[in-house]
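Note that the protein sequences, when read in sequence, are chains F and H.
Going by the numbering used here, the letters in the first sequence line up with residues 23 to 604, in that order.
Going by the numbering used here, the letters in the second sequence line up with residues 19 to 468, in that order.
There's no promise every hint is true.
Said to hold, decoys possible - Pairs of lysine-lysine residues, derived as BS3-like cross-links and limited to a Cα-Cα distance of at most 25 Å, are as follows:
| hint | chain 1 | residue 1 | chain 2 | residue 2 |
| --- | --- | --- | --- | --- |
| 1 | F | LYS584 | H | LYS258 |
| 2 | F | LYS256 | H | LYS87 |
| 3 | H | LYS194 | F | LYS463 |
| 4 | F | LYS463 | F | LYS39 |
| 5 | H | LYS194 | H | LYS258 |
| 6 | H | LYS199 | H | LYS87 |
| 7 | H | LYS98 | F | LYS584 |
| 8 | F | LYS584 | H | LYS87 |
| 9 | H | LYS85 | F | LYS463 |
| 10 | F | LYS539 | H | LYS87 |
| 11 | H | LYS152 | F | LYS463 |
| 12 | F | LYS560 | F | LYS536 |
| 13 | H | LYS81 | H | LYS152 |
To be verified - Ranges of calculated distance between the beta carbons of each label pair, as one might list FRET restraints:
| hint | chain 1 | residue 1 | chain 2 | residue 2 | range |
| --- | --- | --- | --- | --- | --- |
| 14 | F | LEU254 | H | TYR178 | 32 to 40 Å |
| 15 | F | PHE531 | H | VAL227 | 56 to 64 Å |
| 16 | H | GLY102 | F | PHE88 | 52 to 60 Å |
| 17 | F | TYR352 | H | MET38 | 38 to 46 Å |
Stated by the list, open to error - Residues from chain F that face chain H, not an exhaustive set, calculated with beta carbons under 10 Å:
| hint | residue |
| --- | --- |
| 18 | PHE88 |
| 19 | GLY218 |
| 20 | GLY354 |
| 21 | GLY411 |
| 22 | ALA494 |
| 23 | GLN523 |
| 24 | LEU527 |
By construction, these hints were calculated from the structure, which means they are not laboratory data.
Bear in mind that the values here come from a model prediction, so they are computed numbers and not experimental data.
The C-beta atom is built at its ideal place from N, Cα and C for all residues, glycine as well.
One letter stands for each residue in the lines below.
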Amino acid sequence: MAHVALADKEQELAHPKTWIGMYVWSQDHKIIGIQYIITATAVGVIALILSGLMRLQLGFPGVFDFIQPDEYYQAVTMHGMIMIVFMLTAFFLGGFGNVLVPLMCGARDMAFPYMNMLSYWVYLLSVIVVCASFFVPEGPTGAGWTLYPPQAITEGTPGADWGIICMTVSLGLFVVAFTMGGLNYVTTAFQARTRGMTLMRMPLSVWGIIMATILGLLAFPALLVSVIMMTLDKTLDTSFFMPAISSLGENLSHEGGSPILFQHLFWFFGHPEVYIVALPAFGIVSDLISTHARKNIFGYRMMVWAIVAIGGLSFIVWAHHMYVSGMNPYFGFFFATTTLIIAVPTAIKVYNWVLTLWRGNIHLTVPMLFAIGFIFTFIHGGITGLFLGNVVVDVPLSDTYFVVGHFHMVMGVSPFLVVFGGIYHWFPLLTGRMLNDAMGKIHFWLTFLGTYAIYLPMHYIGILGVPRRYYANGTTEFLPDSVHAANFSITIAALVVAAAQFLFLINIFWSLFKGRKSPRNPWRATTIEWQTPDYPPKHGNWGKELPVVHRWAYSYSVPGAKEDFIPQNEPPSKYTRGEGEV
Amino acid sequence: MAIAIILIVLVVGSVVFHFMSPWYFTEIASNWTAIDTTVTITFIVCGVVFVAANLFMAYCIIKYRNKDKNQRADYEPENKKLEGWLTAITTVGVVAMLAPGLIVWGKFVSPPENAAIVEVVGQQWQWSFRFPGKDGQLGTTDSRKISIDNPFGMNDEDPYGQDDILIEGNEVHIPKGLPIKFLLRSKDVLHNFTVPQFRVKMDLVPGMVTWQWLTPTRVGTFEILCEELCGIGHHTMRGKVTVVEEEQFNTWLAQQPTYAMLAARTAGNAQAGQAQYQICAACHGVQGEGNQMLNAPKLSGQEDWYLKRQLTYFRDGIRGSNPEDVLGQQMAPMAAGLVNDVLIDDLAAYIQTLPDEPAEPTVHGDVDNGQQLYITCGKCHGRQGEGRWAVNAPRLAGMSDWYLAAQLRNFKQGIRGAHPQDATGRQMESMVLSLDDEKINDLIAYINTF
């Protein structure tokens with residue numbers, strides 16, 4: 023049961039008087055969320071530019087003389103790590119989590135606002151450290167985002183001295199920041215909900231975010247210990263992951279360590295990490311679809327249990343990233359089975375999104391376009407996951423462009439479409455202005471079609487056998503010239519998609535000052551973040567009194583009701599039986 | 019509405035693309051056709067879901083999009099029966115893919131008892147191979163014994179190792195029709211032994227021996243690729259496996275040296291080499307100091323393994339045979355007289371005795387820019403340009419800089435490194451893709467500071 027006293031701690035909130043207190047050292051969850059969003063977007067732009075460098079090299083090999091092999095591998099590594107950890111994880115949990123969890127649960131703020139503020143500043147520090155690695159001798163690490171030892175810390179890899187240390191230190195800081203934020207999101211959702219907001223009345227956005235946070239709290243420690251052990255291997259010549267090896271003709275002093283141990287630890291974090299990014303997207307997209315199709319989410323209880331089941335299963339599938347790693351091959355039977363089982367709750371979620379559209383009243387707004395785009399890309403990325411999860415099918419495809427295509431569809435494009443959809447949806451809540459529709463539609467079409475043009479061909483050149491993480495294919499007999507044509511066209515599409523993202527940033531800035539003023543609750547949504555007394559909500563969110571929740575979050579188009587939505591906090595009346603009392 | 023039409027176009031387009039695109043599996047050359055079959059099954063099951071789910075979504079958007087103000091959606095929180103059916107059908111589809119997959123995996127994990135053993139050794143950024151020899155047993159190895167004279171790290175006290183057949187190059191032959199179990203060993207970092215036509219692949223992990231097995235079914239030469247990121251030269255870590263009939267294989271194997279033979283190799287005789295060097299001295303100078311007027315680079319101070327290999331290449335037409343390589347063509351006939359490897363060893367041994375004075379710098383450029391560029395080069399050639407035998411990277415520091423510049427241009431233009439047997443040259447070729455003349459000068463100017 024929710025603890026209303028914790029939700030309603032108006033007296034305890036620090037109301038600062040100065041600009042710096044309100045917007046810099048702020049303890050308001052909305053401001054902290056925006057700080058997370060701005061920082062994550064900034065590093066996201068860096069990672070986007072790095073992907074452009076990679077594509078220039080692959081599309082025009084040897085033409086751009088500023089991309090040498092070391093720079094290419096550094097771009098590969100930094101693009102991956104920044105996008106996954108410092109961009110998507112931070113954006114969904116630090117950004118959306120901060121903004122939405124207290125508002126959607128009916129709390130005045132996070133349970134521990136001061137710690138929440140600290141979380142952001144430590145996150146910023148981790149971002150600064152990871153970006154600093156661009157300026158250290160030899161530049162950032164080029165070990166690939168998976169940082170596999172021994173390669174990550176031996177001479178033959180770019181950034182094997184300074185770069186890798188910057189990376190491990192910044193990941194350590196990130197875990198600290200995430201833990202402080204994550205404890206907040208979970209505590210707030212479990213302990214600080216307003217009166218009437220039972221767990222099974224919570225919007226799916228909150229379910230997705232807190233389940234992802236729980237996964238993060240359990241998975242990030244594995245990353246933390248592995249980067250600490252690797253740092254010790256590098257600096258103190260310990261041998262956690264380092265066997266006796268002869269590196270470039272020199273016999274190193276390590277002996278007895280296991281490189282595969284690192285992979286187990288890394289993927290024990292790394293696989294849940296996929297769902298740390300995916301579950302908030304699942305939750306948010308459910309709310310977008312329901313609101314803009316004016317229909318209750320189909321099978322709410324199944325959706326909640328699917329989120330919980332996926333979260334639980336995500337901890338026993340990690341070694342499907344390691345089928346050809348040299349671990350005992352008998353593990354393949356177990357991990358292929360668990361991995362394919364996870365397809366069942368995931369498929370249920372997809373069915374329920376589509377069935378929410380079925381017999382709906384679909385408004386093709388910009389957030390809805392992104393949500394529909396997400397369903398398409400997620401189906402695509404999901405089923406290619408069935409290829410890679412099924413151990414023997416994975417063998418010929420592993421480490422080829424099929425894998426690159428798959429994970430970009432499922433945890434690159436899909437979550438990003440939700441991030442964009444969420445921004446178009448909630449921008450008015452935070453700013454009081456609408457984003458420009460025309461620019462939003464151009465942004466959607468270029469991004470949606472452009473990314474498909476990038477990633478669909480990648481799957482097929484991967485089946486043919488083009489390996490990933492190659493600076494150049496060189497003269498490779500089994501690759502026809504058409505592969506180069508594919509790389510060329512992929513690069514063109516990637517440049518178009520990148521340009522479209524700058525259009526999106528322009529839209530944000532333009533709308534911030536010149537955008538159409540948003541009416542209250544512009545999407546006519548039921549969830550209570552739209553029902554605050556002040557619009558946009560102020561520090562403390564709820565004015566004098568907390569809202570009281572009377573129903574679930576999906577009372578759209580209830581028969582007999584006057585409007586096609588009934589806010590969660592509207593008192594019951596004769597038109598609205600206690601519908602949705604699930 | 020546009021979105022519904024686009025969804026239909028994307029679904030149809032994807033299916034058409036699947037059948038029309040020029041990219042699908044290479045023609046298989048091993049017994050693993052069952053892998054291709056499971057991939058096909060997965061494509062069918064997943065393809066049906068992809069088409070059905072997206073077309074249904076497009077249908078919903080067309081039928082239920084908002085058309086007028088009074089339109090209302092249905093109110094149906096759940097439908098247990100429908101959800102139950104969908105779950106059941108999904109489960110059937112998953113089983114249809116998983117079951118055959120696990121059966122094939124069962125074969126993957128059980129190599130035949132009679133499989134022949136071939137060891138594949140990976141290191142940054144090359145392959146080598148070892149056969150067990152007459153006794154059918156591989157000798158033990160120890161990574162701490164790896165040195166320039168014992169690149170395989172063979173344990174010299176192990177009797178089983180003496181007859182092991184060592185293939186130091188990047189190319190190996192295997193017989194058609196016999197099951198082969200590849201034992202995979204890495205000297206340094208993770209690698210992955212992949213031949214796309216064989217379908218199967220496995221990582222090489224330092225500190226342990228991994229394996230994979232297959233039966234080659236088709237005669238031909240296939241490319242070996244490394245598919246686990248292994249550092250800056252990852253994309254250049256190539257090799258070749260040639261599948262031949264058993265008889266030809268046996269002939270080939272019999273010509274390969276054993277560990278005992280290689281260990282008994284004697285060092286070159288510098289005195290004998292001195293006599294031969296008289297011809298070389300005409301261009302390269304009595305002290306091996308080089309002569310730019312005659313386009314002859316400095317030899318003194320260069321490492322002997324590199325000199326030996328280049329002399330062999332010139333002799334065998336691997337280098338100096340490209341019609342555009344004017345200077346190389348002058349050298350080739352000079353090396354033609356070195357009819358056996360002993361002569362080459364002797365010559366290289368003599369050159370080692372010549373005094374090593376750094377060559378005069380002749381190339382000028384932006385040293386700071388060169389330092390930035392040299393990060394990539396230093397991984398193989400050493401941070402001070404000292405050269406590294408383990409990665410076949412010759413010494414650069416103090417050698418003729420005009421010659422380095424000319425060779426970089428040759429690599430860049432495919433004049434050097436393009437010969438199919440010049441595996442290390444080919445590696446260099448794909449490292450210098452992005453260098454232009456100005457960058458080459460900057461780079462050499464930096465190398466001149468060592």
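Quick rundown of the hints versus the structure:
{"no.": "1", "hint": "F:LYS584 with H:LYS258", "result": "violated (75 Å)"}
{"no.": "2", "hint": "F:LYS256 with H:LYS87", "result": "violated (66 Å)"}
{"no.": "3", "hint": "H:LYS194 with F:LYS463", "result": "violated (58 Å)"}
{"no.": "4", "hint": "F:LYS463 with F:LYS39", "result": "violated (40 Å)"}
{"no.": "5", "hint": "H:LYS194 with H:LYS258", "result": "holds (15 Å)"}
{"no.": "6", "hint": "H:LYS199 with H:LYS87", "result": "violated (70 Å)"}
{"no.": "7", "hint": "H:LYS98 with F:LYS584", "result": "violated (28 Å)"}
{"no.": "8", "hint": "F:LYS584 with H:LYS87", "result": "holds (13 Å)"}
{"no.": "9", "hint": "H:LYS85 with F:LYS463", "result": "holds (19 Å)"}
{"no.": "10", "hint": "F:LYS539 with H:LYS87", "result": "holds (23 Å)"}
{"no.": "11", "hint": "H:LYS152 with F:LYS463", "result": "violated (71 Å)"}
{"no.": "12", "hint": "F:LYS560 with F:LYS536", "result": "holds (21 Å)"}
{"no.": "13", "hint": "H:LYS81 with H:LYS152", "result": "violated (75 Å)"}
{"no.": "14", "hint": "F:LEU254 with H:TYR178: 32 to 40 Å", "result": "holds (38 Å)"}
{"no.": "15", "hint": "F:PHE531 with H:VAL227: 56 to 64 Å", "result": "holds (58 Å)"}
{"no.": "16", "hint": "H:GLY102 with F:PHE88: 52 to 60 Å", "result": "holds (58 Å)"}
{"no.": "17", "hint": "F:TYR352 with H:MET38: 38 to 46 Å", "result": "holds (40 Å)"}
{"no.": "18", "hint": "PHE88", "result": "holds (8 Å)"}
{"no.": "19", "hint": "GLY218", "result": "violated (18 Å)"}
{"no.": "20", "hint": "GLY354", "result": "holds (5 Å)"}
{"no.": "21", "hint": "GLY411", "result": "holds (9 Å)"}
{"no.": "22", "hint": "ALA494", "result": "holds (5 Å)"}
{"no.": "23", "hint": "GLN523", "result": "violated (20 Å)"}
{"no.": "24", "hint": "LEU527", "result": "violated (24 Å)"}
Hint compliance for this structure: hints 1, 2, 3, 4, 6, 7, 11, 13, 19, 23 and 24 are not met, and every other hint is.
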